[in-house]
Amino acid sequence: MIVRLATGIAPRTLVLLGVLLAVFASLPMLASDYVLTVLILILYFAYLGQAWNIMLGFAGLLSLGHALYIGLGAYTAAALYVHFGIGPWLSLLIAVPLAAAAGAFIGFLAFRFRVAGVYFAILTIAVAEFARVGFDHLNWTGASAGLFLPVAQYAHNDLWNLRGHPLMFYYILLAATVFAFIGCRVLLLSRMGYFWLAIREDEEAARAAGIDTFRYKMMAVMISAGMTSFGGVIYAFYYNNLFPEQVFNISQSILIILGPFVGGVGTLFGPVLGAVVLETIAEGMRTLLGGLGVDVPGTNQLFFGAILLLVVVALPEGVWPWFARRFGVAESKA
Amino acid sequence: MVPADILLNVAVGGVLTGLVYGLMALGLSVIFGVVRVVNFAHGEMMTIAMYIALTLFAAFHLDPLVMLVPIALAMFAFGYLLQAGVINFFITKPEHSQFLLLIAIAIIIVNTLLILFGPDAQNVQVAYAFDSFQLGPLIVDATKLYAGVAAIVVAGALFVFFQYTEVGTAIRACADNYTGALVVGLDVGRFYALTFGLGAACVGAAGTILLLLFDVTPTLGPAYTLLAFVIVITGGLGSMPGALLGGMLVGLTEALAGLLFTPSAKSMFSFAILVLVLLFRPQGIMGKKAA
Amino acid sequence: MIRKRLNAPRLTRRTVAAGLGASVAVGVFPFNIVRAQGAALKVGVLLPRSGVQAGIGQDCQRGVDIAPGLLKDLGLPALEIMNADTETKVEVARSRAEKLISDGAQVLVGAFDSGQSTAIAQVAEQKGIPYVINIAAAPQITEQGYKFVFRNFPTAGMLLSDAFANQKEIFAAAGSAPKTAVFMHVNDTFGTAMKGGIDAVMPKFDLPYKLVETIAYDPAARDLSVEISKAKATGADALLMVSRLNDAILLTRELVKQRWSPMAIMSMGPGWYEDQYLKTLGRLADGPLSFVPWYDPNKPLSKKLDEALAKAHPGFNLNTNHVYTFEALLVAADAYKRAGSADPKALADAVRKTNIVNNVSPGPGIQFNEKGQNDKLKNSAIQNRGGKLVTVAPKVAANAKVEWPLKPYDKRG
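Chains as they are written, first to last, in our numbering: chain A, 1 to 334; chain B, 1001 to 1291; chain C, 2001 to 2413.
Source of the hints: derived by calculation from the structure; they are not laboratory data. Backbone N, C-alpha and C fix where the C-beta goes; we use that ideal spot for every residue, glycine too. Misleading hints may appear alongside valid ones.
Claimed, not checked - Covered, in the sense of this in silico footprint (three residues per stretch, anywhere, with C-beta under 8 Å from a C-beta of chain B), are these stretches of chain A:
| id | segment |
| --- | --- |
| 1 | 103-114 |
| 2 | 132-142 |
| 3 | 168-180 |
| 4 | 276-283 |
| 5 | 301-313 |
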């Protein structure tokens, strides 16, 4: 299995992977708590970017509403914990199927009626917004007043209930990111992966070749949604408070998407690299401007937007494909 | 049960506001219909126009309705330059890099406005701000009425342009058949820039009118981008009457949902309409069957 | 984020005496002993100065701007303010809090919003850095058993209890009261918390009016004509409100356009008294009552704060945002003086023992209960009059009599 996963990957790429993993595993030892917070955000977005990439990068489906699955995961786990004391890992048994079902609902609506491209993207936003307003009125989860998880200071890390030091969240997210990375590689090498790529390149041709495009597109949405909901569970237990306005917000969806876009859609390294690049730029901008004594609110986001613009103009395919060509570490073509 | 006169008042108000939304969405529809670029900075472009109108009013006391045409022209220039200078290079790039491009532009616009104008909501005080006409049991808000009429006039002018002028016809040709237009020697890049300019002028006009109805803040944009999409897809992408009709439908639905159910959930109803339309008539109410 | 050296720790006996001359003694220390303290206390201030809440965040910042001079006059040690913008995002609030602490912040202050404040509170608690919340009304924040988190701002329940008490005082003074009211609230964090509070608190006050309808509306509403039509249709005597700024302006315009003037507009939150409201609506802004955390115009420090604001930011009325942001800094400076060191544990202990009587907000002063909540805080009733704000209740903290009922909108020329 491992041999099969590794075939077709340049040795240099394998070395790079090993180095990356070693760096991420040992970084917290060097990092201050502040840097750790930023690293957690990087891994959070790397993981979510990977999950989202299954839809656009593999199957060619543009989702702009992934906040929906984050919100469903977050609210399911948080509500079960608050109301019944059920731990987050058990809640995954409900949260993941629930998110996958929501994804299936959107897919069912869209794919049966050949809603594609921009129409599909807008449908995903619409459902996420629908859920946001819905949760604003759902009293069981605190409606718009918010859902607060009890926070106490734990002397030790309680992995089962996800209570503890940020370091614990870091390693959970690191494990999740590695898992997602390998999982996506497995998916890509599977029969389904090939079908996805066929659908992405030319859906009509894929259908003509006898691929059940409806079924495989549904699979893409459901897998992506389910994976994303885990990110939501982590969000809930890391921040300990949830507001529909925050969690389901369209800006959440956009944040998830920016990583893979900048890193390179359809690649395995892209989402990870994109998350690293974006968070570094965002935090770097804040620190740099602060150091220069610029205290005009909005300036750092302005520069962030400008850098984003430069990146997309200079490297419209994303940073990773350029990087891979430049240093000869290309993945097998996805 | 809600009394009939209140129902009527609310419905009329909803339709009038919806017309202006429709005008804003029309800009999006024109851009997507021809250039095939999804303008995710649409709401932000509207706020630019609102701030121009605001500044003109504050400095020279110029009524937004009087400044409608100049502001629309300014936005036309903005849109033209944006398309010719940046977006044209992305026409052949994958859809998602266009999307990223426009997100970046939107972020830049929002924060530039924040730095220039500050975060507070601002508005204009016109003499007729509080006027209303009474017609039997019906009380019609004067600004809403002017706004609705202005929206129809602008939309009508645009319609005439596309149907009866040479440039308009050429643009429609580009939209119908990109390769064909290239083959017959049309300068597609220029027509795209013209179209994006027209779309920007539309949303600029809508923003100028909307400033009479509510206050502007730098962060207003995203909500309106989304609203424009909902309207355009409901009405049918690329259909001009569809955009206005979609606007009226969304305006009316939200107004009635607010009255009959709870106002805080009224935007759910416009999303529900969108889902229904996508379910049963994916090309939109007035849209042509997708090619 | 930048650091501003607000004022050097040069405390002579004269400046202290000058400061104290006009005001009552601060804390428990004798007048003539000022402990020399080496360095200014590093205070990290987190506010949403860009993003959706930028307007309020920047308004709070004005309270920060005017603090140093006043604290100096009070003979308190200097603060080194480290500003951070949360961009109205929970994630950024958290990482900025970490950054401030890693840059040496010894106390955190902020962050206006309940969600962002909760995120900061967790960081502060974990690091053992005292955190003084300026504004955030969600009751849950001080119910988590935190040891380093303090809030000098009322919870939703406290806001409502005082609002109803003040309403009864006003009805008695006016000799008339509404029999029915319609309750409209914005459906956001604050609005929903207040809605929950009303259901719990209202029955305890024997109020003369009944709620005939509750209308919740969208915080991002573009148009509130329907909401007012609905409220008007109930025929209620009074309008009970929980809103924000933009919607308050929109609602007032609709009241005028739809030709409805209730007997009273009683707001229990922001919006109806803010500068932008007064400026935008001019004469139409007069009349509404706001039942809010305010300042006691009769306290000496209030006058000074008012003067300082007028000097630094002419044209702005002193309001909740300035007052409570300033008081959060006051708490930090006062605790630093008493602790005599910037050791976080000593600072937190000092904050817990806070007893500031020379303050701005109404009530006996600033003290914290075992949960870190100032539960002695009182709220006021204020009324808009000719572009200014007067306090009409409670009597001890009032400087004017209520104008009752609301002057009809169509009779204002």
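Structure-based check of all given hints:
{"no.": "1", "hint": "103-114", "verdict": "holds (count 4)"}
{"no.": "2", "hint": "132-142", "verdict": "holds (count 4)"}
{"no.": "3", "hint": "168-180", "verdict": "violated (count 0)"}
{"no.": "4", "hint": "276-283", "verdict": "violated (count 0)"}
{"no.": "5", "hint": "301-313", "verdict": "holds (count 9)"}
In this structure, the hints that do not hold are numbers 3, 4, in rising order.
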